[in-house]
Amino acid sequence: MIISSYMRREHRECDELFATAEKSVIDGNFEEAEKNFLLFADETLRHFKKEEETLFPTFEKISGSSEGPTMVMRHEHEQVRGLIGKMAGAVESKDMDAYLSMAESMMILLQQHNMKEEQMLYAMCDRMIPQDEKEKTLEVMKTVEL
Amino acid sequence: MFNQGGLSLEQAPPISVVLRFFVTASMFGVLLGIFLLADRLGITSFLTHNKPVIIVHTLALGVMASFMLGALFQMLPVIAGVVIKMPTKKAMLVHLLFVVGLVIQLYAFANASTPLLYFLAVAYLGLGLFYAIYLMLKELFQIKDHSSSSKGMIFSLLSFSIAILFGIYMLLTFGGYIEGSYFTQIKELHYSFALFGWLSLLIVSVSFQVVEMFYITPKYPLLMSKYLTLSIFILLLLKTIAIFMALQTELITVLLSILFMVYAGVTIHRLYYRKRPTSDATVWFWRLGMGLLIVSMLITLLDTFIDISLDVKMLSYISFIGFGLSIVFAMVYKIVPFLTWFHLSNQGYMEAPMMHDIIHPKKAKKHFYIHVSMLMVLMITLFFNSFVGDLLSAFLILVSFGWLLYNLLYAIKKYRYTQKYTKKIEW
Chain A
1 MIISSYMRRE HRECDELFAT AEKSVIDGNF EEAEKNFLLF ADETLRHFKK EEETLFPTFE
61 KISGSSEGPT MVMRHEHEQV RGLIGKMAGA VESKDMDAYL SMAESMMILL QQHNMKEEQM
121 LYAMCDRMIP QDEKEKTLEV MKTVEL
Chain B
1 MFNQGGLSLE QAPPISVVLR FFVTASMFGV LLGIFLLADR LGITSFLTHN KPVIIVHTLA
61 LGVMASFMLG ALFQMLPVIA GVVIKMPTKK AMLVHLLFVV GLVIQLYAFA NASTPLLYFL
121 AVAYLGLGLF YAIYLMLKEL FQIKDHSSSS KGMIFSLLSF SIAILFGIYM LLTFGGYIEG
181 SYFTQIKELH YSFALFGWLS LLIVSVSFQV VEMFYITPKY PLLMSKYLTL SIFILLLLKT
241 IAIFMALQTE LITVLLSILF MVYAGVTIHR LYYRKRPTSD ATVWFWRLGM GLLIVSMLIT
301 LLDTFIDISL DVKMLSYISF IGFGLSIVFA MVYKIVPFLT WFHLSNQGYM EAPMMHDIIH
361 PKKAKKHFYI HVSMLMVLMI TLFFNSFVGD LLSAFLILVS FGWLLYNLLY AIKKYRYTQK
421 YTKKIEW
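Those protein sequences? They're chains A and B, same order as listed. All the letters of the first sequence, read from the start, carry residue numbers 1 to 146 under our numbering. All the letters of the second sequence, read from the start, carry residue numbers 1 to 427 under our numbering.
In isolation and in its complexed conformation, chain A is listed as follows (with noise of 0.2 angstroms):
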């Protein structure tokens, strides 16, 4: 399960990232929040490019399709980097009602989409890719940078 495990571990950093940028927010400081609403945007965004680039390709090419599951993933990542574009917007106009607002779509249209992907996507590549591919994939994942 290290596929499961590894990319299971970047979502709860993203969720730690995003809790302490809208903390920031709530108490007023946009500095703070620049700062670390950017820091959670460079992870969830950095987590995307290594699953369309890296993973998705790799369980595609095993099973043999890129219009299964990988296709709604990759298009609720563009949901997500939508609202990110607007959630910016938010902290450097220092808008925290528009900002809280976003950050509630946000927080459940990303959850249903880790939950999505840890119970089933994550689990299948798990299974499916070989042991040696697996550590591979895993390998580029890691130098994969924004």
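Treat each hint with caution, since some may be false.
Cut-off 25 angstroms, straight-line C-alpha distance, at most; resulting in silico cross-link-like pairs (BS3-like, lysine-lysine) [said to hold, decoys possible]:
#, chain 1, residue 1, chain 2, residue 2
1, A, 86, B, 413
2, A, 94, B, 363
3, A, 61, A, 49
4, B, 362, A, 94
5, B, 424, B, 413
6, B, 362, B, 413
7, B, 275, A, 35
8, A, 94, B, 144
9, A, 86, B, 85
10, A, 23, A, 86
11, A, 86, A, 49
12, B, 362, A, 86
13, A, 86, B, 424
14, B, 366, B, 424
15, A, 86, B, 420
16, B, 414, B, 424
17, B, 366, B, 414
18, B, 365, A, 94
19, B, 275, B, 362
So the derived label-pair ranges between C-beta atoms look like this [as the list claims (entries may be wrong)]:
#, chain 1, residue 1, chain 2, residue 2, range
20, B, 386, A, 12, 51 to 59 angstroms
21, A, 61, B, 348, 26 to 34 angstroms
22, A, 9, B, 92, 42 to 50 angstroms
23, A, 12, B, 180, 52 to 60 angstroms
24, A, 9, B, 191, 56 to 64 angstroms
Rather than coming from a laboratory, the hints here were simulated on the basis of the structure. Predicted, not measured: the structure shown is a model, and the values here were computed from it. Beta carbons: idealized from backbone N, C-alpha and C, even for Gly.
Assemble chain B onto chain A, guided by the hints.
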């Protein structure tokens, strides 16, 4: 196979599927408030008998079951990964049969001398509810890798089926169609399966995922998420056997109460350690709901050891109702704004209102205060009988559901406005 369901664009049920049930639930709540207010003022003197049954069923079916059916249609894809095909038509059929059946049932309770009404209530309610249960269980049984939530939903829906079957037996007895030799036993089991099975098991199973998902809390203990719903369902089955064999059921009641108290305690603990710093109304609804569940179960537990006065027993019932309503409100104030935003933005409306523009947290907070006041007045009036207290509690029930109805209609208005007057981007 991987299920593409969930909140993905292609598979999410249209928002009308959920909202039709939520609006109906609020309307039944408003009707309940009006009915109680009229009753306190002596206007409904024509309703002399069956009043408690009318109140209980307006609340349990009209309000709670409506909310829960709506939530299930929406949450099955997200939580259990199953998709009901053609949800709009199916939900409409369930909704129609259910509402007609319930209205007939309530009318039958009020006019007990009309046997045909009981038969019609059985036909409409039975068909509507069993059709909904069939649609959901059929999909749930096909899941290969069950989560704690999907398993819990199965037990909840099975409990609902049993509660309905027992309900049908009672309605047919009322109508004089059958003798009803086991009426007393079945009545006890009808309430047990409806409250501890259907309602509580659904809340427990949904909470295993949404508490963590909405508030980023630590996970529930594995032992609990894996075995709690199963244990409760088995205890309910054992209770059925015990009651029909005329055996003592105290031990089962003790175990059920303890299990629910532990669950509520763990949920409060999980919420305390949530990572998200927000403390909006929905967090408070969850805390209150779990606190009330503990109060209700503690009284139920004590009742098996010592003699408890009727007032205190009533306190337990009110706490239980408060528990159910609190959790339902917590869910509605998350689900409705999110779905409104989600559907609109997925349809390509770039100016889709954000969650706070649809139902602002301040509006939910106001509802929380109304809800708490309603429960407090109801509880105080139990011990200090007063006309003013009775009147006030009825009024607060009306205000509580009226406020929710207003918030839901406001969300629908926003949804329609965005669709009608803002630009859509085709992709």
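Status of each hint after checking the structure:
Restraint check: the Cα-Cα separation between residue 86(A) and residue 413(B) comes to about 24 angstroms, which is no more than 25 angstroms; the hinted pair holds. Annotation: proposed proximity of residue 94(A) to residue 363(B) holds, straight-line Cα distance about 23 angstroms (limit 25 angstroms). A C-alpha spacing of about 17 angstroms is found between residue 61(A) and residue 49(A), which places the hinted pair at or below 25 angstroms, so the restraint holds. Of the pairs offered as hints, the one joining residue 362(B) and residue 94(A) holds, with about 20 angstroms between alpha carbons and a cut-off of 25 angstroms not exceeded.
Restraint check for residue 424(B) and residue 413(B): the C-alpha separation of about 17 angstroms stays at or below 25 angstroms, so the hint holds. As the CA atoms of residue 362(B) and residue 413(B) are separated by approximately 19 angstroms, the hinted pair is consistent with the 25 angstroms bound. Our distance criterion of 25 angstroms between C-alpha atoms is met by residue 275(B) and residue 35(A), whose separation comes to about 18 angstroms. With a C-alpha separation of about 47 angstroms, the suggested pairing of residue 94(A) with residue 144(B) is violated against the 25 angstroms cut-off.
Annotation: proposed proximity of residue 86(A) to residue 85(B) is violated, straight-line Cα distance about 34 angstroms (limit 25 angstroms). Taking the CA atoms of residue 23(A) and residue 86(A), the gap is near 18 angstroms; set against the 25 angstroms cutoff, the hint holds. A distance of roughly 20 angstroms separates the Cα atoms of residue 86(A) and residue 49(A); the hinted pair therefore holds under the 25 angstroms criterion. The suggested pairing of residue 362(B) with residue 86(A) holds, with an alpha-carbon distance near 23 angstroms, which does not exceed 25 angstroms.
Between the alpha carbons of residue 86(A) and residue 424(B) the distance comes to roughly 18 angstroms, so the proposed pair stays at or under 25 angstroms and holds. Among the hinted pairs, residue 366(B) with residue 424(B) is inconsistent with the structure: their alpha-carbon atoms are about 34 angstroms apart, more than 25 angstroms. For the suggested pair residue 86(A) and residue 420(B), the alpha carbons sit about 23 angstroms apart, so the restraint of at most 25 angstroms is met. Of the pairs offered as hints, the one joining residue 414(B) and residue 424(B) holds, with about 15 angstroms between alpha carbons and a cut-off of 25 angstroms not exceeded.
For the suggested pair residue 366(B) and residue 414(B), the alpha carbons sit about 20 angstroms apart, so the restraint of at most 25 angstroms is met. Of the supplied pair hints, the one linking residue 365(B) and residue 94(A) holds, its CA atoms being roughly 24 angstroms apart against a limit of 25 angstroms. Distance restraint check for residue 275(B) and residue 362(B): the Cα-Cα separation of roughly 22 angstroms lies within the 25 angstroms cut-off, and the hinted pair is therefore satisfied. Range check, residue 386(B) to residue 12(A): about 53 angstroms between beta-carbon atoms, so the 51 to 59 angstroms window is met.
Taken as a hint, the range 26 to 34 angstroms holds for the pair residue 61(A) and residue 348(B), whose Cβ atoms sit roughly 32 angstroms apart. The given range of 42 to 50 angstroms is respected by residue 9(A) and residue 92(B), whose C-beta atoms sit roughly 44 angstroms from each other. Between residue 12(A) and residue 180(B) the beta carbons are some 56 angstroms apart, a value that agrees with the proposed interval 52 to 60 angstroms. At roughly 46 angstroms, the beta carbons of residue 9(A) and residue 191(B) sit outside the given window of 56 to 64 angstroms.
This entry does not satisfy hints 8, 9, 14 and 24, going by the numbered hints stated previously.
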